[in-house]
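Build the full structure now, drawing on both the sequences and the hints.
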Amino acid sequence: MKTFKTGGIHPPESKFTENTPVELMPVPKELAISLNQHLGKPAKPVVKAGSEVKKGELIGEADGFISANVHASTSGKVKSVKPHPHPGGHYAMTVFITPDGQDEWAEGLNTDPVDWHGFSKEDIIGKIKNAGIVGMGGAGFPTNVKLAPPPDKKIDTIILNGAECEPFLTADHRLMLESPEEIVEGLNIITSLFGGEARAYIGIESNKKDAIETLTSHASSKGIEVVSLKTKYPQGAEKQLINAITGRTIEPGELPFDKGCLVQNIATAVAVYEAVCKNKPLVDRVVTVSGLEIGKPKNIRALVGTSFRDISLFCGNLKESTNQIISGGPMMGKAVYTLDVPIIKTTSGMLFINNVGIEKARERTCIRCGKCVDVCPQGLAPWLLANVAQLREFDEIQLLGLANCTECGSCTYVCPSKRELVHWIKYAKALVNNRQKRKSA
Amino acid sequence: MISEAFIPAVASLGSVALTLGLIIFYVSKKFHVEEDPMVTILNDTLPGVNCGACGYPSCGQFAEVLVETKDSSMTCPVGGTDLAEKLGDTLGITMAEPKPITAVVLCQGDNDTARETAEYLGIQDCWAATQTYVGPKQCRYSCVGLGSCIAFCDFGAMRLENGLIIIDKDRCTGCEACIPACPTGVIVMQEKKAERYVIACNSHDKGAATKKACDAGCIACQKCVKVCDDDAIVIENFLAKIIQEKCTSCGKCIEVCPTKVNCILLEEDLKEAKQKKAS
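Chains Y and G supply the protein sequences, listed in that same order.
For the first sequence, this note's numbering begins at 1 and goes up steadily by one.
For the second sequence, this note's numbering begins at 1 and goes up steadily by one.
These are calculated hints, taken from the structure and not from any lab test.
Don't be surprised by glycine CBs; every beta carbon is placed ideally from N, CA and C.
Honestly, I wouldn't trust all of these hints.
Stated by the list, open to error - Lysine-lysine pairs mimicking BS3-like chemistry, simulated, CA-CA at most 25 Å apart:
(1) G/Lys241 x Y/Lys82
(2) G/Lys212 x Y/Lys29
(3) Y/Lys371 x Y/Lys230
(4) Y/Lys48 x G/Lys206
(5) Y/Lys29 x G/Lys206
(6) G/Lys252 x Y/Lys82
(7) G/Lys252 x G/Lys169
(8) Y/Lys44 x G/Lys206
(9) Y/Lys82 x G/Lys212
(10) Y/Lys77 x G/Lys223
(11) Y/Lys79 x G/Lys206
(12) Y/Lys29 x Y/Lys54
(13) Y/Lys79 x G/Lys212
(14) G/Lys212 x Y/Lys334
(15) Y/Lys79 x G/Lys211
(16) Y/Lys82 x G/Lys211
What the hints assert, rightly or not - Facing chain G, a subset of chain Y residues (Cβ under 10 Å, in silico):
(17) Pro85
(18) Gln324
(19) Ala335
(20) Arg362
Set out below in structure tokens:
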């Protein structure tokens, strides 16, 4: 079975919801649609308090090259535009919409599927750009930018990422079981952008046997290879996935297209299909609601902008013993402090957790056991990065490869001294950024 | 027995020491650099903390440049007026008097007034805490209250009290070392002057949002603007600001402020001001 070379861990899978079909969540009473749902510059708001919007209407316009459009998730009235907590751990400008209950699409959107084969390359990328599609695996890189690499970079391998290596999360798994046709069509659209020669793969971890079977039966006739990958975290990280499937290594400082590869998430492929064939902007997504502290763990299809509060109520409410709510998976997700946080295009899950029984974070000294070095998929020495960060030696830490850390959390997971290794690395990144900002100012 | 082993050891080590000593002596004479004695004198006069407040990396550098240029506008904020006089006497010029400045924390959200976000278990450092929303306090403009700046203060002028940084204004020399250490930018420099008022709040949220997060925040109610006879208070982006040039320190704004957010910088302690308001 294929897997990546360096490091990796295997935490308990805890995929409670893998057999729960995706449920459609009704439109909530209020939506908070963040204008920063992607990597890069936040979108510029194009609506004001009081404006009427239809479902799928543009409310935030991409501002700059790396930015993405944001659309109204339902029809209604804009209540206000103001900063609001964002699941990524900061504040972002957010458009509040009071739904009118009609959930009515704007004209010409969400039509019956049309055949895409007649569309030109520019048409397809234009449609993807207009639909505001971003990488739905977590990073949120604007898809139209990723699909148009510099002309001197030749893409020969296209990989769909169905690894879903984070424990608990099953959103992509359910999507693979329930919409295999859309995934294959989406992948075909992406492949067509790079001519006939590009090879297409779908990488799925071996703990999702049913998904591998379903997709193999749909994809094999179309020249797409479904690759079964070893269940190992972080199999779904871009660089690790490329390494597992093609054997190529993305060196520090390189991007996947430098090695002729392009990786897209399963959910992104569905969104691409819907944008190109149905003219549907990205306004909803599948989210896994799980953890031991939620009444009914579910996979739901929720509108972008639905608050954690509405979703927890829809899923049988959280128990009183909940003391941590995480946006995303347990390894890379962020704890949120309020249920008012909305979901965004990249929120693949939310977890309700009680960690009282777990020993409270109390850092002890590093005992130099080297476990973090063994598991680091990027081949770094996390203990050293954390120590140097603690000493505030920010010139040295950059030489140690601070920028190559993907913050996957494997090192913190295995550390027997409970060292907050990833937190120290994030801390160093924040201070290095701040120093550069001060220097350039 | 003993002396047999002793004599050659002393003799050999002694001769090595003597030779090396002679070499050092010769080198120090041969390559002697003529140093302006004035620089040494000035360097001894300066505080010697190398804080960088003057704009030079060290006190020695400051002394060198001062001797070279005799620029009377160069100031050492740490030494203050006394030092300026001493330096002037030594060099025979009249030095400019440094404007005494002090750091001020524009926040009064301590553990009693500011609302918590959640129990924060991560690394006890302001920069680390602000990577997860805003840290322990709900207001994202506030003093985070984990004391990362304290380590940057060379003068022991900062302390953490009830989740808020307190600055000892007698000790603070205005070297600005704490400013880049603060992730929320809540520390600013103010002229040290008797009876100076500032608005001790940094929140640009709307009134209702500020009030929700903290009892001691400026809610931009305009009361102080109306009561001020000198037009010294303006509201900018939902936050009152005192224009220091116009302020006559009459104290009227303190009396009307519903959240007691104004504070007197020097003469009176903040707590006294609050008591005054309460009584």
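Holds or violated: Y/Lys82 with G/Lys211, Cα cutoff 25 Å? OK: Y/Lys82 and G/Lys211 at ~16 Å, within 25 Å.
Does Y/Lys82 pair with G/Lys212 here, judged by a C-alpha cut-off of 25 Å? It holds: about 16 Å lies between the C-alpha atoms, which stays within 25 Å.
Between Y/Lys29 and Y/Lys54, does the CA-CA distance stay at or below 25 Å? holds (16 Å)
Check whether the Cα positions of G/Lys212 and Y/Lys334 lie no farther apart than 25 Å. Holds: G/Lys212 and Y/Lys334 sit about 24 Å apart, inside 25 Å.
So if I understand the rule, the pair passes when the alpha-carbon distance is 25 Å or less; does Y/Lys77 with G/Lys223 pass? violated (34 Å)
Taking only the CA atoms, is the gap from G/Lys252 to Y/Lys82 under or equal to 25 Å? violated (33 Å)
Taken at face value, is the distance from the CA of G/Lys169 to the CA of G/Lys252 at most 25 Å? holds (24 Å)
Is the interface hint satisfied for Y/Ala335? The criterion is a beta-carbon contact with chain G at less than 10 Å. The hint holds - Y/Ala335 has a Cβ within 10 Å of chain G, the shortest such distance being about 6 Å.
Is the straight-line distance between the alpha-carbon of Y/Lys371 and that of Y/Lys230 25 Å or less? This hinted pair holds, its Cα atoms lying about 21 Å apart.
Does Y/Lys29 sit within 25 Å of G/Lys212, going by the straight-line distance between their CA atoms? Holds, because 22 Å separates the two Cα atoms, which is no more than 25 Å.
Compare the distance between the alpha carbons of Y/Lys48 and G/Lys206 with 25 Å, and conclude whether the hinted pair is satisfied. holds (18 Å)
If you draw a straight line from the CA of Y/Lys29 to the CA of G/Lys206, is it 25 Å or shorter? Answer holds: Y/Lys29 to G/Lys206 is near 24 Å, not above 25 Å.
When held up to the earlier numbered hints, the structure conflicts with 6, 10 and fits the remainder.
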